[in-house]
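Engineer: Chains as they are written, first to last, in this note's numbering: chain G, 1 to 268; chain A, 1001 to 1256; chain P, 2001 to 2272.
Keep in mind the hints are simulated off the structure, nothing from the lab. Please read these numbers as outputs of a predicted model, since none were measured by experiment. Hints should not be assumed to be uniformly reliable.
Chain G is nowhere near these chain A residues, computed Cβ spacing over 12 Å in every case [what the hints assert, rightly or not]:
id: 1; residue: R1013
id: 2; residue: Y1048
id: 3; residue: E1053
id: 4; residue: I1055
id: 5; residue: Q1169
id: 6; residue: V1174
id: 7; residue: Q1251
Covered, in the sense of this in silico footprint (three residues per stretch, anywhere, with C-beta under 8 Å from a C-beta of chain G), are these stretches of chain A [to be verified]:
id: 8; segment: 1061-1071
id: 9; segment: 1112-1124
id: 10; segment: 1157-1164
id: 11; segment: 1189-1200
id: 12; segment: 1237-1248
The beta carbon of each residue, even a glycine, is placed where N, CA and C say it ideally should be.
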Amino acid sequence: MSASLDAATAGRLARGAARRPLPPVFARLAILIALLALWEFYARMFGDPAFVRPPTEVVHALFGKILAEDTVRQAILLTFWELAVAFALAVAIALPVGLVVGATRFTHRSLFPVVLLLYAIPQVTVLPLFILIFGLGPAGKIAFGVSHGVFPIVVNVVAGLRNVNPLFVNSARSMGANRLQIVRRVVLPSVIGSFFAGLRLSMTMTLLGVLLAELYVSTAGIGYFTQLYSETFDPAPLFALITVLALMAIALNEAVRRAELRSSRWRG
Amino acid sequence: MAATTAREILGTRAIQAGFIAGGMALWYYATDVAGVSHLFLPKIGSVYRELSELIVKGAVLAPLRVTLTSVAISYFIAAVGGIGAGYLVARSAYLVRVLEPVFAGMFAIPITLFFPLFVLYFGIGAESKIAYGAAYAFFPIALNTIAGFGNVERRLIDSARSMGASDAQLFRRVLLPAAFPVILTGLRIGFFICFASVLGGETLLSRTGLGHQIAYAAELMESARMYAWIVLVIVISTSLNALVSRIETYQQRWQQ
Amino acid sequence: MANAAAVTIDRVSHDFGSAGDARHVKAIDNISLDVARGEFVALLGPSGCGKSTLLNIVGGLLQPTAGEVRVGDVVVRGPLPHDIAFVFQENTLFPWNTIVQNFHVALEFQGVPKREWNERSMRALQSVGMQGFAAHYPGQLSVGMKQRIQMARAICLETAILLMDEPFAALDEQTRMVLGEDLSVLLAKTGKTIVFVTHSLAEAVFLADRIVVTTARPARIKKILEVGEAHPRDRRFMTSDKFNALRNELYELLHDEIRQTVEMMRDVSRPG
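If we strip away everything but chain G, and leave its shape as in the complex, we get (with noise of 0.2 Å):
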């Protein structure tokens, strides 16, 4: 809440000063520039520092603490690898689920009902089942992340491919098109823009997947030392572990969202 009338009031100071607004790119600069002179000042002269650290001293520590330090890297390193592992399972598992599954009538009016019942379950109920059998190491990250990012693909393939238009269709065989011609020139290409989309929210659900199986195995990995910083209320640490964190997560959008425009051309 007083987010927002943060921004209302910085917005109103930027708009006054150029009297027309500034494009939004600019806007959001000074929004972000603003709450980072708040932080500080608020920090400095308020804050506890068991609580809160001033933007300044996060970054010192992201330099001196986080990156410099072997077993912290080491932990977001690895994060980063287990998410780049989840991520490629879980789509090469989902594509031909979602083929499968959407491809005739039948397979979906059977299968689907199944897909959609496992979709409604929370997946966080059975975490602790995941780490369980899979153990503290890697695997069950891998593994509880693949199972986030599937849902997302597989609802997207069988939609893709319940609705190719069958004009299209009907155009492709009116020039002669045999099946599987129909298949390659017109329902996969029809497909590949749903699944698309599906890849950036499986990307985040992955994403998902794995943090959540970092965060609760607190022996080790970047559960561990959010757990120590935490624990000894060392806060310009852990807002740096998050932050580094954070980018990560935006790159990885940024490019799956770049590899969905690329492949999007078309769409004029």
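Chain G is fixed; fit chains A and P onto it per the hints.
Structural biologist: Structure of chains A and P alone, referenced to chain G:
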């Protein structure tokens, strides 16, 4: 999507029921016949026994109360905050252009990342889960509110104004009804995110609540008890799911 | 000696759903028609009367519940990509391919060897003046341009017969006029046999050699008008007395059928 007939829904339910029955048969076979480790997969009988014990002895009540109240409070905060913020932002096209991508971008980062911060500030009690759930559910609600109000057709507004509508009338008769379905979708998504977040928070780090019970049982390697709690949570979650769908259907019919 | 008619429609009827079914609809009732080689026949009738269904049957996309269609001596049992090309009202250019890729895919479907693709595609595009857009995506083009290209694609398939299902219905009056004139010119040049579905009276008179007026559903032939004017046709014909007389006659013929169609729709939407 084409409207689903009653028969199609029945068919879907039948298949899901069949899947569950088949799953249970497989479960029975795996544990009682094929001898799968009882640590990973306890016997159905054991799980059933633990579950009945939990219910009969009333051990279910306290964690259930904690979780449900946490969800209720955090959802309330998220809904009020999300719709309020969404409405305020939607009033200005400029604000929308500036802030909407920010909200959308933040939603792309799993808020789970910030969970340790919530624990740092609110402790490991229910407050941190409430704050975490509220923060997470805020975004889809705010985003959908912005989209809902933002996408009201210009023509509808112009038409109402030309007939002399005041600001209040415009809001009640044009903006709100037009934006309502989209906002409702946001509220629905927000609810499930809230529920999953509270549960997740309890599982990760808590001393109370349903999530904690699952994690605690896992820690003690008491698989049957863990499975019992999992079954319980799934039943609750499915019931809530069904409840929300029912409410949504009523809302739609009322809107007609 | 081969049948002189390019397309023979022989006592075709078509029902959707079976008799007694609540959703049973008789779309076409016993239509017979011979289309001569090189002739332009327009099917004109009220909306939803079954003209498009008939066209789909002629093109082999649908099998009639009674009767048959013959192309030359061959009975139509499925699509005949080497003899018949379609132009639909809606866009059927694949949005994920460029224009020229769309042509290539069409030729691939037809089974034309790869080495001929480029030449035939560019020639067809040139015939409608759209060769500059070969590398564009359909999403970047206007509706009128896309229709022009769909016509070019049909031409590029080099079939003797062209079936067109209200191809200009989605276009504005001006684009229609231009495309209509171009089609007339194309006709004179290529001598293709064309069956053209429309519900525009002016369009039918301007383009067709013969106009087949159909009744409201189920479609039957009400009357066949001869236009008797050589192609290419131009604005002198459009503003002539003969044109107006023909159009007026069509109006008289269609008026009652259109009324009846509206009545039928009102009956369907009435509750109970």
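Engineer: So Q1169 of chain A supposedly isn't at the interface. Is its beta-carbon more than 12 Å from every beta-carbon in chain G?
Structural biologist: holds, 26 Å
Engineer: Can you tell me if the segment 1189-1200 of chain A counts as covered by chain G, using C-beta to C-beta distances under 8 Å and a minimum of three residues?
Structural biologist: holds (count 5)
Engineer: Far enough from chain G: is every CB of that chain over 12 Å from the CB of Y1048 of chain A?
Structural biologist: holds, 17 Å
Engineer: Taking C-beta pairs only, is R1013 of chain A more than 12 Å away from all of chain G?
Structural biologist: Per Cβ check, R1013 of chain A is inside 12 Å of chain G; nearest 8 Å; violated.
Engineer: With 12 Å as the threshold, tell me whether V1174 of chain A passes as away from chain G on beta-carbon distances.
Structural biologist: Holds, because the least Cβ-Cβ distance between V1174 of chain A and chain G comes to about 24 Å, which exceeds 12 Å.
Engineer: For I1055 of chain A, is the shortest CB-to-CB distance to chain G above 12 Å, so the non-interface label stands?
Structural biologist: With a cut-off of 12 Å, I1055 of chain A remains clear of chain G, as the shortest Cβ separation is near 18 Å.
Engineer: If you count the residues of the segment 1112-1124 of chain A with a beta-carbon closer than 8 Å to a beta-carbon of chain G, do you get 3 or more?
Structural biologist: n = 9 at 8 Å, threshold three: holds.
Engineer: Given as covered by chain G, does the segment 1237-1248 of chain A meet the bar of three residues or more with CB within less than 8 Å?
Structural biologist: Holds: 3 residues of the segment 1237-1248 of chain A have a Cβ under 8 Å from chain G.
Engineer: Taking C-beta pairs only, is E1053 of chain A more than 12 Å away from all of chain G?
Structural biologist: For E1053 of chain A, whose nearest Cβ neighbour in chain G is about 19 Å away, the distance exceeds 12 Å, so it holds.
Engineer: Tell me if chain G covers the segment 1061-1071 of chain A under the three-residue, 8 Å CB rule, please?
Structural biologist: violated (count 0)
Engineer: Just to make sure I understand the rule, a stretch counts as covered if three or more of its residues have a C-beta closer than 8 Å to a C-beta of the chain. Does the segment 1157-1164 of chain A meet that for chain G?
Structural biologist: violated (count 0)
Engineer: Just checking, Q1251 of chain A versus chain G, shortest CB gap more than 12 Å?
Structural biologist: holds, 20 Å
Hint check: violations occur at hints 1, 8, 10; the rest are consistent with the structure.
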